[in-house]
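Novice: Listed below are the residues making up each chain.
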Amino acid sequence: MNRMTFGGLTPAVSLVGAMAILLAAVSSALVIGETVIPLSTIWNVLKLEFGYSAPQVNPIDQGILWSYRLPRAILAMACGASLALSGVVLQALLRNPLSDPYILGLSAGASTGAVSVAILGFGAGVLSLSGGAFIGALLAFGFVAWLARMARGEGASSTSSLALLLAGVAGAQLFHALTALIIAKSADANQARAIIFWMMGNLSGSRWPDVYLAVPVAALGLGIIFSHFRALDAMTFGREAAQSMGIRTGAVMAVLIGTTALLTAIMVSLSGAIGFVGLVIPHAVRFLVGVRHVLLIPAAALAGGVFLIMADIVSRVLIPGQTLPIGVVTALVGAPAFAVILVRSSRAHSG
Amino acid sequence: MRIQVENISVSIQGKPILQDISLDVASGQSLALIGPNGSGKSTLLRVMAGHIRADRGQVMIGRERLTDLSPRNLAQRLGFVSQEASTTDAIAVEDAVKLGRTPWLSLLSPFGRQDRRIVETAMAEMAISTYRNKQFNTLSGGEKQRVHIARVLAQTPQIFLLDEPTNHLDIRHQIAIIDWVIRHKSTVAMAVHDLNHAFACDRVAVLHGGKLVAFGEPDEVLVPEVIERVFQVAVHPNFAEQLNRPVLAFSKSAATP
Numbered sequence: 000m001n002r003m004t005f006g007g008l009t010p011a012v013s014l015v016g017a018m019a020i021l022l023a024a025v026s027s028a029l030v031i032g033e034t035v036i037p038l039s040t041i042w043n044v045l046k047l048e049f050g051y052s053a054p055q056v057n058p059i060d061q062g063i064l065w066s067y068r069l070p071r072a073i074l075a076m077a078c079g080a081s082l083a084l085s086g087v088v089l090q091a092l093l094r095n096p097l098s099d100p101y102i103l104g105l106s107a108g109a110s111t112g113a114v115s116v117a118i119l120g121f122g123a124g125v126l127s128l129s130g131g132a133f134i135g136a137l138l139a140f141g142f143v144a145w146l147a148r149m150a151r152g153e154g155a156s157s158t159s160s161l162a163l164l165l166a167g168v169a170g171a172q173l174f175h176a177l178t179a180l181i182i183a184k185s186a187d188a189n190q191a192r193a194i195i196f197w198m199m200g201n202l203s204g205s206r207w208p209d210v211y212l213a214v215p216v217a218a219l220g221l222g223i224i225f226s227h228f229r230a231l232d233a234m235t236f237g238r239e240a241a242q243s244m245g246i247r248t249g250a251v252m253a254v255l256i257g258t259t260a261l262l263t264a265i266m267v268s269l270s271g272a273i274g275f276v277g278l279v280i281p282h283a284v285r286f287l288v289g290v291r292h293v294l295l296i297p298a299a300a301l302a303g304g305v306f307l308i309m310a311d312i313v314s315r316v317l318i319p320g321q322t323l324p325i326g327v328v329t330a331l332v333g334a335p336a337f338a339v340i341l342v343r344s345s346r347a348h349s350g
Numbered sequence: 000m001r002i003q004v005e006n007i008s009v010s011i012q013g014k015p016i017l018q019d020i021s022l023d024v025a026s027g028q029s030l031a032l033i034g035p036n037g038s039g040k041s042t043l044l045r046v047m048a049g050h051i052r053a054d055r056g057q058v059m060i061g062r063e064r065l066t067d068l069s070p071r072n073l074a075q076r077l078g079f080v081s082q083e084a085s086t087t088d089a090i091a092v093e094d095a096v097k098l099g100r101t102p103w104l105s106l107l108s109p110f111g112r113q114d115r116r117i118v119e120t121a122m123a124e125m126a127i128s129t130y131r132n133k134q135f136n137t138l139s140g141g142e143k144q145r146v147h148i149a150r151v152l153a154q155t156p157q158i159f160l161l162d163e164p165t166n167h168l169d170i171r172h173q174i175a176i177i178d179w180v181i182r183h184k185s186t187v188a189m190a191v192h193d194l195n196h197a198f199a200c201d202r203v204a205v206l207h208g209g210k211l212v213a214f215g216e217p218d219e220v221l222v223p224e225v226i227e228r229v230f231q232v233a234v235h236p237n238f239a240e241q242l243n244r245p246v247l248a249f250s251k252s253a254a255t256p
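Protein chains in written order, with numbering that gives the first Met the number 0: chain V, 0 to 350; chain H, 0 to 256.
Source of the hints: derived by calculation from the structure; they are not laboratory data.
It is possible that some hints are incorrect.
Stretch-level coverage of chain H by chain V, calculated; a stretch enters the list once three of its residues show a Cβ under 8 Å from a Cβ in chain V [stated by the list, open to error]:
#1 18 to 27
#2 79 to 89
#3 237 to 247
Every beta carbon over 10 Å from chain V, so not counted as near; a handful from chain H, in silico [what the hints assert, rightly or not]:
#4 Met59
#5 Asn72
#6 Glu216
Examples of chain H residues toward chain V, derived with CB under 10 Å [said to hold, decoys possible]:
#7 Gly49
#8 Gln75
#9 Asn195
Where is the CB? At the ideal position from N, CA and C, for every residue including glycine.
Make the full structure from the sequences, and use the hints.
Specialist: In structure tokens:
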């Protein structure tokens, strides 16, 4: 590792490659939709929007591209990257291959927090919605971690997957029930329908203000998580081993779980609870670049972003004339992948 | 580097686990910690490693109080091989050993030539260089244990703490590890179950119910009077000419039903 290589590629080559993949994904998201808009039109719209001279384009195309498809693609990228990063962190810290913000109930907690703000009206505006989601995510994690510890009992293996997963199920169900209660008690029919659609994971309403919140948060999360790559590596053999390698495990866990809760909360408040990205992407990326976090973290952020852009495209074209909630698409890919990971990890434990 | 344990007492949830333990291991010497299950060996090692804070007493690392050292500075001086270390990750042997360099690296001081040399030496010393690219989880118990020790060797500490390093190993690998402990010039404290392995160390400490009941050279401590009382077995020492030391055999104690 004295010369850093990315699967045999130099950093410069892999950075250019990553940018190319991202550009290709965003371009596809701009081209594909109910109307196909050619790349030349996209190029002209971008030039016009940034104040360069370009041939005039159809204002409807310009509106679709600049006000809908581009912010939506960028938001999908930020969400996908954030969820994948959260999965990487949770899987490393909890030493459990099945961890992700959705399965551990963080997303459910964030939904409850966001809905409390939206319906019960603890303040208004996008930031306080996110603030509510953040508090909800932290409460959910605290509840799940406490329950897992109780269920596991003393002296049992700290890698017990089952206790954590069951606690996650319980936490998610509890927070879903709370959300449902708030909706049933306080929301009118239109609100209820909108919230249910949003909770399934939805990028339909994406606008530029969402992008201005999501991108800085995702970048901040990436920065914080990447700066802890050695600590995450050191957790490979458990918390005690990390501690004996000089890692302040308590402080690292507090910072990184706080970061994960923040990423999950912001993304849930903007696009609803999109499942399985945080679970599947880290596994796929580990398969490609290995388990060292110096590669895993940036690669997972990239892959998560690209994956969600692609899933969004599929959600728009799968049924003509109708947009599926993106959470449905990620679940269709993710649930079978979850099953595969579950079988493989339980074999690894027994074998 | 010397490690001293001074009047250490530890209670966990109101239950006394260690009571007023004092012992020390001189620089370059080795200590065997023995005692029945639950006698406090692992707890004492964790106190010495700084993982458990003692209610009373202190641990001195060289001339410094353990609690005055940052986790990083402590890890540069002291390495701990626990029994708990395991992983589900598909990590290669070489990458696992490289983790040992963690306390010496930071974002601004990345893995360098000297780190590489230290990792190579550690793998060579544990004879694992040939399977550096193998997955850790495909290794046998003995191989895994050697990887863990190589990882802690790469940490280049002057004090090693080993919690039952010969557990689950076949006799050849047990002997190899004990032999390494004796030859290595660092300070070593290890918990062992096989009392015959304890003869190899410079000092032996016997824990019983959280108390230190004997501490001294193997010949003074590993005698039937002490062992029979602590372990509730009958001891039959035989002198082995080739080893130039007694070898202990055990049977059920006549005193206990």
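Novice: State for each hint whether it applies.
Specialist: Hints, verified against the model:
Residue count for the segment 18 to 27 of chain H with a Cβ under 8 Å from a Cβ of chain V: 0. That is fewer than the three needed, and the coverage hint is violated. Chain V is given as covering the segment 79 to 89 of chain H, and this holds because 9 residues of the stretch bring a CB closer than 8 Å to a CB of that chain, at least three being needed. Here's how the segment 237 to 247 of chain H fares: 0 of its residues keep a CB closer than 8 Å to some CB of chain V, so the rule of at least three is not met and the hint is violated. Look at H:Met59: its CB is around 18 Å from the nearest CB on chain V, clear of 10 Å, so calling it non-interface holds up.
At roughly 8 Å, the least C-beta separation between H:Asn72 and chain V is not larger than 10 Å, which violates its mark as non-interface. Every CB of chain V is more than 10 Å from the CB of H:Glu216 (nearest about 29 Å), matching its label as outside the interface. A least Cβ separation of about 8 Å between H:Gly49 and chain V falls short of the 10 Å threshold, and the interface hint therefore holds. Annotation: H:Gln75 was flagged as interfacial toward chain V, and the flag holds, the nearest CB pair being 7 Å apart, inside 10 Å.
Of the supplied interface hints, the one on H:Asn195 is violated, with its beta-carbon coming no nearer than about 28 Å to a beta-carbon of chain V, more than 10 Å.
Violation of the numbered hints given earlier is confined to hints 1, 3, 5, 9; the remaining hints are satisfied by the structure.
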